[in-house]
Each structure stands twice: as structure tokens, then as C-alpha cells.
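**Q** This is what each chain is made of:
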Amino acid sequence: MQHAALTVDPAFRIGEVDPRLYGSFVEHMGRCVYTGIYEPGHPSADGEGFRGDVSELVTEIAPPVLRYPGGNFVSGYRWEDGIGPRENRPTRLDLAWRSLETNQVGVDEFTKWARRTGSEPMMAVNLGTRGIDAARNLLEYTNHPGGTYWSDLRRANGTPKPHDIKLWCLGNELDGPWQIGHKTALEYGRLAAETAKAMRRVDPTIELVACGSSHQKMPTFGTWEATVLTETYDLVDHISLHSYYDPLPEDRASFLASGVNLERMVEAVVATADHVRAVGRHRKRINLSFDEWNVWYQSRFGGEASLDWAEHPRLIEDEYSVVDAVVVGSLLISLLRHADRVRIACMAQLVNVIGPIRSEPGGPAWRQTIFHPYALMSRHGRGQVLRIEPTGPVGDTEAFGDVPLLDATAVHDEESGAVTVFAVNRDQHAPLVLDLDLRAVPDLVAGEHTALFDEDPEATNNAERPDRVTPRTLPRVRVADGRVSVELPALSWNMIRLR
Amino acid sequence: MQHAALTVDPAFRIGEVDPRLYGSFVEHMGRCVYTGIYEPGHPSADGEGFRGDVSELVTEIAPPVLRYPGGNFVSGYRWEDGIGPRENRPTRLDLAWRSLETNQVGVDEFTKWARRTGSEPMMAVNLGTRGIDAARNLLEYTNHPGGTYWSDLRRANGTPKPHDIKLWCLGNELDGPWQIGHKTALEYGRLAAETAKAMRRVDPTIELVACGSSHQKMPTFGTWEATVLTETYDLVDHISLHSYYDPLPEDRASFLASGVNLERMVEAVVATADHVRAVGRHRKRINLSFDEWNVWYQSRFGGEASLDWAEHPRLIEDEYSVVDAVVVGSLLISLLRHADRVRIACMAQLVNVIGPIRSEPGGPAWRQTIFHPYALMSRHGRGQVLRIEPTGPVGDTEAFGDVPLLDATAVHDEESGAVTVFAVNRDQHAPLVLDLDLRAVPDLVAGEHTALFDEDPEATNNAERPDRVTPRTLPRVRVADGRVSVELPALSWNMIRLR
Amino acid sequence: MQHAALTVDPAFRIGEVDPRLYGSFVEHMGRCVYTGIYEPGHPSADGEGFRGDVSELVTEIAPPVLRYPGGNFVSGYRWEDGIGPRENRPTRLDLAWRSLETNQVGVDEFTKWARRTGSEPMMAVNLGTRGIDAARNLLEYTNHPGGTYWSDLRRANGTPKPHDIKLWCLGNELDGPWQIGHKTALEYGRLAAETAKAMRRVDPTIELVACGSSHQKMPTFGTWEATVLTETYDLVDHISLHSYYDPLPEDRASFLASGVNLERMVEAVVATADHVRAVGRHRKRINLSFDEWNVWYQSRFGGEASLDWAEHPRLIEDEYSVVDAVVVGSLLISLLRHADRVRIACMAQLVNVIGPIRSEPGGPAWRQTIFHPYALMSRHGRGQVLRIEPTGPVGDTEAFGDVPLLDATAVHDEESGAVTVFAVNRDQHAPLVLDLDLRAVPDLVAGEHTALFDEDPEATNNAERPDRVTPRTLPRVRVADGRVSVELPALSWNMIRLR
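Residue numbers (the working numbering), protein chains in the order written: chain A, 575 to 1073; chain B, 575 to 1073; chain C, 575 to 1073.
Simulated from the structure, these hints should not be mistaken for lab results.
Keep in mind that a hint or two might mislead.
Treat identical chains as interchangeable: a pair holds within one or across any two.
Listed below are the simulated SDA-like cross-link pairs for lysine to any residue, each with C-alpha atoms no more than 20 Å apart in a straight line [as the list claims (entries may be wrong)]:
#1 Lys791 x Glu972
#2 Lys740 x Val1053
#3 Lys735 x Pro659
#4 Lys740 x His789
#5 Lys740 x Asp987
#6 Lys858 x Gly680
#7 Lys858 x Pro751
#8 Lys858 x Asp808
#9 Lys735 x Pro1045
#10 Lys858 x Ala879
#11 Lys740 x Asp777
#12 Lys858 x Asp738
#13 Lys735 x Pro778
#14 Lys735 x Pro1005
Work out the full structure: start from the sequences and follow the hints.
**A** Here is the structure:
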């Protein structure tokens, strides 16, 4: 049997996990909002029309931030359409997804619901068709105590205290030609800078995220970030990254190594941000907000041109397999390994639309396979990320050449002393023994081993079999002389919680 | 007597005439709309306030498309001012023509009237002072069936079914420094691209026209088109051309050769469009929309600075001569010769404002001289344009050097087999014999010969003598052995319909 | 005792003083408007809520123009907020000064008040967050007689006749990164050009001021002006200059020589404007509008970040010393010396905010030290500015090297023949004898000598001692054989009115 090894020593750290690494994303797209989180007629609906069953599953994940309301949607959005008495709200053509937007959920409802589930909103402003004035007014509406036009309107609309939203996206994917109001890097950088400046005047306590590239294959990747950060450096806190991974069935080995791609993107953006910092003689560092990521069967999507006007149509409701869940776990491991610079990450999206949670109108809600590594890492993957210097065998992949079969990271909880190791075995056919050197933390004596794997790696959960795939508890792990070996099943995601 | 010759052979074709080549243009300028097509108190007014006498003359021309509402006017226009109850519509300063705009006619009234006369509207959006949002809202108002804010407003305003306007201009003459919200080529190209993208999302079935140069003498002519098409190529269908010809009395020979200038412009824009196609590796071809052309006594116009605030003032109400009508006929011949790429052309404008139709408030409407070649070619100039390879004598001109005295084209109606030859004799003093070789179409045996000419080439029509100048029927033409010779009077426009 | 000399000869002229050189500035900032010029509950308030005591002091200065409503304020301003019934006007966040703007004073109230004090408004449009449409609508509101939407709204709001505002600023300090909606030179130049064009169409009789640099130390100083004027030359009349002088106590000699700096800026901008004129083959000359200048204890101001939301907070209410007043007099002398090109200048600001007038809510209003040279020069410094070729001793300064101790100019009133000499003695410790050669104007026989100086050069006026510092009348001056010598006290500003 093959072996891989890693060393756990709290003296060697990458950085503290920003809990916002476990964020998610709620876009007005498909059925994420309507019949996703919100469905007034649903048996489980609360007084505000939000589904209790879905909210419960959200609480299980406990995403610290929820990006809202888009996504491509926001680039044509009038936020004012979503406030005030519901019967007066206009129905709009959402040009991003060619859907009908009834505006029954807006910033007030969303923010309150997010807070009820324990999440903070991460609000995006429209820099596609709008600019400074719409952004500053929205921020006045959400964050100003009162006594002004927009803050008094919020009060009149039933929210006496400010929503006090701290995290804001300066538009969405403006580098993409598909975006309503797409911009060149310079056009966007200038608009983002001036919008950021005005927003900081409204509320200097906010954090701002500038749009980076929509994905690594954009022809402007890298140069976009350099130009945008040159124009906005001192006015923003984060630069965004987006990446989706398509489970091409004929090359599963490459798909399992998606984290390699994600890390390359992170490292490239860090390099660009630090380059701009050096050239501009700036003091602070720009951090990374990986605010759209997931597995997405993108090749199954016909594109915006395939869509026709409908209210909350079924869009990209991918049904995830065990393989997909292992990849999601691996992507989160990659993000944790860059916790020193990646401060925010949002799995896209929360419900139905390539979501960890699925729901049926009037029917049940359930956990997809990807829900499990995501929820478990969100709950247990907090603390200091350690440098673990893993060694072990590699496997060949079409896309990336030799890639380690073991993909792992470890998190140290300074208070309790507990260490949690997250590990993926990329070997599709054989288990892998992971040898842990724990001599630097002699207090650790034993641990629980939870894993996600299946005889049928393409197995999925759905309305009929919502629990077909769930994490399994493996034999308890016992440390001896500061060492322990754990067997990771073939094609598996694993969590080993050592105390 | 001098002779010129041409050969008619349906095997040699330039292309099919797009009927939209006979379009016209209704701008909110001077008295084109108010007391032109629209005058509620007029004895002939229909229930909607449109003049019946003018409508009848429009029907005689049968322009397949009518560009609306500008022209320079559109670059400062709020289309929302022209919808809803008339008593609530604001009076605005029209900065283009320094006129007062009462907004009593708007998109609803115009579109319905155009359809009643058998025309399609060719609607322009304001890219001078406005952008994406105003354009997409207008398109939603006119073309979306219902169930959304703007489409329901159209329904509430009395139009339950969509106007379904298919042809749209992305602004007007934005290359002109006189334009409200004038733009550089790059500024315009970017705005046009993003507006086009959003509009296509609202309705993917529309055709879009990007602004080309306002005339050939613009310092940016050519480079403007190249930049604009580089930014918009895949998002637009047509590029516009505008050209007016001033009848300088001291050089009538050059004026009669205006078509040479028009063709140079067409060929230059074709070259530019195909250059951008090659560089961008594009598949489709961009076609030409010659959406403002006419004879215009421009030297008599004092410019915008000469104007002062008035409601529908008398602006550039040129009274056209026989010479002007011959030139108009020649310009249409030039357009037909480029029917492979010129798909749309709009004589500017329809009524009163350098229009083929004139009307007096409370008084009569009549046909100007230019009405006749325009109306006859619109009705009979359809089918396949043939390559006719004319030969014959030339005449010297100040502006263009040697120019053929014969300007001609031929159109073949595949169904009936009829061939119509349009021909201008540019010789001001002598008739010209046109020798037609018809051996390739042996079915043609005879034809009617209609011509416009006069002993006094400066003769005009006006309210007192509305029919001073009309087409004359000349002796019937008889084909013998596939040949026939037709005498074209000095300084004349001719139509020979052979069957 | 040291001597300096100058020659008065009306044959040698610089140019006629444009009275607008003595303009001032009313910004919605701090307490300039509210509790400054406007305070409805004040015992002296007139029927419109404006303070009578302040208005009286304004009338004493008689500033021919009053720039309004900003300054930085205007770059986020919606002018529509300030019209109509006061109870409907929204309270806004003013992002420039992080203050609450109640909009109780707007364009109607301000214009009427300015006219009552004998001043003309110099209105600024918002080119920070807004553009062409907002500007043209405002101009239609203020200047169009009636019969249109905006002009009729003005009439409905109680002003039947147009305000007829002739002087307009195209935005404010758009070169400053602190500005809401800051722009690059090209961005601003383009927007200013298109806004100017539309505004001129609304009212061709207006004069327009384009934004120059916010101060000489801006990294874009010079190149900004060149680019902006290249884009706007034929569409604007003036280019603006702003400069404030900080009374650094440890280097009073340099501070007293501030006029040297002001003149360098004027000369640099003249050079740039004339360079653009030459390159562009333009005919007219662009004049200078020095529309923000004053002494300002800028180092005492914590910056915008130090501010928090409040209604008319106490902002930069500097208390001016005798030294400051002497410098203000010297700066006005510098401006007069460039009367050939500087046609407008605005001391910033009129009341409370670094103002010559101070007022307390519910309390008194008084004249600061700087009020005196400003008011006296405004009243007496009209006519033809003469070239006087002064000679005399110099003093060393840290900032400018050797600087003449005498700073002087002379103004000739062609009607009365009177000559007024304004002179500053920069020597802090010794008087300076000024020898006047008046042989070219034999009619001048005697004069009054008024001076501002004090044993304590740091003496100030305040609520307790509003008249601690006032001008003093010195012994009458008598001309003999066309010559007279006048003793200028140490560190003094002087006015010698010869008849």
C-alpha cells in the first residue's frame, strides 16, 4: 500500500483562517432566491416567506458571509426596485439570465434573513449600468442611522436600525464581454476607484472588493488585475477571483486535481497584487476574495442565449456526485493553504443553482454531496493553518502532469489545542496510508476520522434519495509515540480531528 | 446625336434590392412632425391627429422604413416624455434645433401611424446624453409582450400588443462635434457595443445600425468606422452613412455628378468594414445603412446658432427644382448599383424639412419635384439589380473630372421577367440616345418610357403650382432583334419599363 | 530709512480691472450658508431668513460675483434637492464635507439674496457624479423665460422671470483625487466640452469657466490645463486657478511673499493657455478665473476624514491676524497686476469658512482683519491698472529667495483722473519710504493714506473685540513738483488715493 506523510507543528504557520473563507453566494438567478431560500407558500415558510427547511440547512453550513444579489444579475439591477411595499415593486427583465425579476426579495429582506441564519451579507453594487450615485445611495440606505433621505426611507420601510453591511463588492465580473455594461480594465478601474471613494465617505468602516478576472482563461487575466489595482489600490481591500471546475467524465484524474489550477490562480493574483504594491510604493497588502468557486457542469449549460423570459426558471441545477464532493473538499483545502492572503471565499451558489442545498417548490430540501465537505470544513476548519510539508506519491494527469495523490492541510485550534487534518486521496482505485508526525504536539492522543467516499463515485443525492451519500465515521485514530497512520479510502475526502 | 449603351442580362447580378433602400426619415425637427405628418386641427386629420393628405402622399411613396425620431434631435431626447396622456407630457428645449418640443407625438403615435401608411419604424436610441438603461427600457416598452414594468406601461398607454420594432439605430452622428454628447470613435464604439449587447438581451431578433461618419469630409472619416466596427463588429448589423448634396448653381455639372461622390463613400465604407472583418477574423459581413441622404441647399442654412426657441419653426424647407429631382434620381441609381451592401437608405426627411412632400398648416400638401423619381423608383425599382456595364460619352466636371453623361442601372423582376432601366442624362443641353442590348432576355418586346425634365431646369412645385413639374410619358419603346434605342432628353431622369 | 520708488503714468497700462476680480464664494460648507448668510431665527433675519447683519457687511465688500454652491460640495450635489417647497426638500449626506445638507437654501434663494446684496451668482454645475443632462436642466431652470418643463417649474416655485445667471463653472477641482467623481484631465476635458456645448445651446449668452488645477503643487499642474483646454478651447471662456496660503508662523517672511507664488501660478497658466491657443490656431484668448484664493491655516484642518455627520458644523473658521490681512492685500495687488488676463477672482469663502466675515448663531457678525483690505480694494480698486515699474530694496525669504520689500500696484480712474496706489511693506520691522513719481499726471495734488498695521501683528478681531484691528487714517499726502514720498509702516498694507 502506498504511503504519504506530513508533519504537524504549530510553530509553522501559514496564517489564521478568516471564517469568511466559508462564505456562499445568493444570486437572483434561477431558483436560488425564489423557491430556493424564499417561497412564501411553502409549508416550512417563516413569517417573512423564507423556507424554514432551507434555512436550517444553511445554518448547518453556517456560511459567515453571503454574497448578494449577484453575480451577473447585479450589473443591470436597480436596488430601489427591491425596497418598499411589495405590491409596488416592478417586475423587470433581468438581462443577465433573461429571466423575469419580481423583486419580491430585496436588500431589506435578504439582509434580515441572512442575519437570522447567522450570516453577514456581502453586498454588490451595480457598476454595469450604474455608478457612483446608485452605490452611495444604497450604502446610505443600508448603513446610515437616519435623518437623511435614504436612511429615513429604510426606517419607513421597517428597519429602524442600520443594516450596517460591512463588506461590499464593486460590481461583478466587469472583465467579461457577457457582462451588461462590460468595461475595459481602465474603464472599470476608474469607475471602481471613484465609487469606492464616495462609498468610503458615506461609511469609512466598510471593506471593499474590486473585481478581478472572471476566470484564469480570460485573455485579460493578470493585466486586468494590474490595471484595476493600479487605479484603485488605496481605495480597496480585496481583489476578487472566480473559478469553476467542469467534471469532464473522460478525464477524472485531471478533474480531481482542480485544486492545482485554483492555487495557480491564487498565486498569480498574489504576485500581481504585490507587484502593483511595489510599483506604487504602497504600504498595505491587497487580499484575495475568491468569491465565486465550485464544481459546475458548465458544458451542460447552453449559455444566456438559450434562455427565455421566465420567473425563476430551473437554471444549472447540477446534481453532484461523490467525485464532485471530493473535488469541492480539495478546493477548500487549496483555499486554506492560502489563508494568509485569501480572506474571503464564496461557494457559488447556496441553493439550487449549482448549490450544496437543493429544494423543490412546495417540496423537500436536501443536502447535495458537496454539502458535506463544505459544511464540515466550515464548522471545523477554523484556527491557524499549519505548514505541513506533505510528501508522497504522485499520479499523472492530462491537464497538470504529475500531481500528488495526497491533498492535505491542517488547522490548529490554539485554545483547545486540537488539530484537524483535511485530506483528499486522489487515487481513484487504491487507498493511501497517511503517516502523521505529531511529535511537536504531544497532547494529541486520539482522533475521529470522518470520510466521504463511495463504491460508486458517481453516486448522487436527490429528492428521492436525499441521503444516498453522507460522510462515514471510520475507526477512531490513536496516536502512539507522536505518530499515527490513517488509511484514506480510494477517491475520498477525509477529516481527522485530533485532540 | 451622342449614343451610350448598356447590356441587360439577368445572369449578371449585383444583388437583390432590399426594399428598405427606399426608406425615409421623420425627425422631430422643424415641421416634419408637427404640421407635417401630424396636425390635429387640419381638415384632413384622422382620429389620431395625423394629416390624411400627407399620409396619402406617403403611401404613394410607400417607404418601407421610416427612421425616427432623429437625427440630431435624438441625442438629447427622453423617449419617456413622449408616452402616456398627452396633457402630462412635458415641453422640452430641443437643443439640437433650438426648438420647443411639446412631445405630442411619441413612439406610440409614430409607430402606429407608420404602420398605417405601410412603413416600419427604424427607431433610434439616445446615445448622446443617455446610455444602456434608457435604451433597454425603450426596447422593453416597444417589444416586450407584457408582464414587466415598461411593457405593462405600454399596454396601459393603449397598445396591448408589442410594437415589435425590428430595426434600431445606436444613436445618431456621434462623430459630429455639433452633436449633443458628441463622442470620440472609441467612446462611441464602447457605448454602442454595451448598449447593443443589452438590447440584444431584451430582444435578440432586432437589427442594429452603428453610427458611421456624418459625411465624407469629416476629419475622422474612415478611422471612425474602423474603430467603431472594431469595438462593435459582432454586435451590430449595419454601419450608417450620411451625405447631402448642395446644388451650387455655378457648377451644375458637378452637382449632377453627385452620385460619383456617393459611390466613393459607399466603396470606402465597404472597404473599411471588410478590413475590420479580415483583421478580426469575423465571419459575417457588415452592411451599409445610408440612412440620411438627399439634395440640401445647405449653404442657405444659418446653422444651429441662427435658431431661436420656437415650436415647429420653418427649418430648411427647400423648394426643389427639376435639376434637384434628376440628382435625386441619380443618387438612387447609385444606391441601387451597391445593392449588394447597401441594405437600408433613408431619404432625409419625409415632409417639409428637405422633404419630397410639402404641407402648409391648415393648407394643402403637395409633391415636390424630387418626390417623383423617389416614388417611382420605390414602386418599380425592386428585384435583382443587374450589372449592365454601360459605355458612352463623358463630360468634364470641376469636382470629379470626366464623368459619364449616362448614369443608369437596371432591375430585373424574376417573377414577371420585366426589366426596368433607370437612367439619367447628365448632359444639360443635348439629348442622349441610349442603346439597349436586350438579346439575353428575348421575352422583352416593348416598354413604357417615363421621364422627368423641363425646358426650365430650375422649375419647382409649390403651393400655388403643386403640379408644375411631373413625370411625362414619352413614346412607347419597341424592341427589335433584342435591341432598342431610347432618346433621353437633356438633363433628365428616365424610367424604361420593359416587358 | 530705506526707500522704494514707482512711476505713475496713465499711458502705461496693464489693463482694465474687471470688477469680478473682487468676487467671493459661498459654498454649502460648514457655516458659510447656514448660520452664515442664512439663519431664519436670527434677530436680524429678513423675510427670507437671511441675516441682515451679515448682508450689510457683504454689501460693504460689494463682491460683484459670488461663486455658488461649491467647491467640493457641488461634485455630489443634486440641485433639484434645493428647489420647491422647503418642507419637501430631502436631507442629504454631503460627502465632500461629511455634513448633513438640509437643502433649505437652494439656487432660487441664493440667487435672490445675492442680487439683493448687489452680487451676481457664479453658478457651478456638478461634473463629479452628474453630467450634461443635470447641467442643461439647471440652466433651463434658471435662465429660460418659461413655457418648458424646468422653466415653468421655476415659475411655479415663485420666480416668474429668469434668474438669468451669466457665469457658470463647469464643475470644481476635478483634478483632485479627493473630489467626488474625480477625473483624469482627458475625462474631464471631454465631459466639460460636451456639457459646455449643451449649455451654450440652452443659453448662448453665458460665460463658462473650465476647471484648472486645484493648486500649483498638483502633480498634474500644467499638463491638466493643457489637456483640458485642448478639449474645450472654443467652448469655454475662462480657466480656473485655486490657491491657498498657509501662515506658517516660523517663516513669516516667506508667507508675506505669497503673492510671488500666486503670480507664478498666473503666469504659468497664461503660458499654458496661450500655448494651446497657438497649437490649435485659435483666435480668442482664454482668461483666468482665480476663483478660490485666500489665506488658510490649512495645517490646522484634519482633512475630510476627520469630519463626522453634522448640520453646518464649525469648519475651518480661521481667525485672521494683521499679518494675514497684509498678505490678503498683497495677493489682491498680485491679481491686479495681472488684470489683463485675470478677469474673475473669488476670495474663499464669504462667511465663517475662512471668511472675511464671521457670524455667531443667534449672535453678532463682524469683520475679520482680512475684510478691510478686501473691502477697500473692492470699492476703490477699479479702473485701469498701470505699469508702475517699482524699484527698491529686497528681503531674503526661505521660499522665494530675494523678494522686493515693496509690493505695489496703481489704478487709474479715467473719469475722475484719480489714481489709487495699493502698497504693502513686507519689511516686518522697519518702515519703508515710497517715492512716487507723478509727473505724468500733474492734476494730482494730494491724497489720503489709509493703512492696516499693528504693534501686534498677530492681533485679530473676534466676537469680543470685533474692531480690535481696523484701517488707520495716516497724515494726508501732498504732491510737490509731481513727486511725493509716503512712509509705509513696517508690515503694513496701504492705500493712497491721489486726486
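**Q** Which hints, by number, does the structure contradict?
**A** 2, 4, 5, 6, 9, 12, 14
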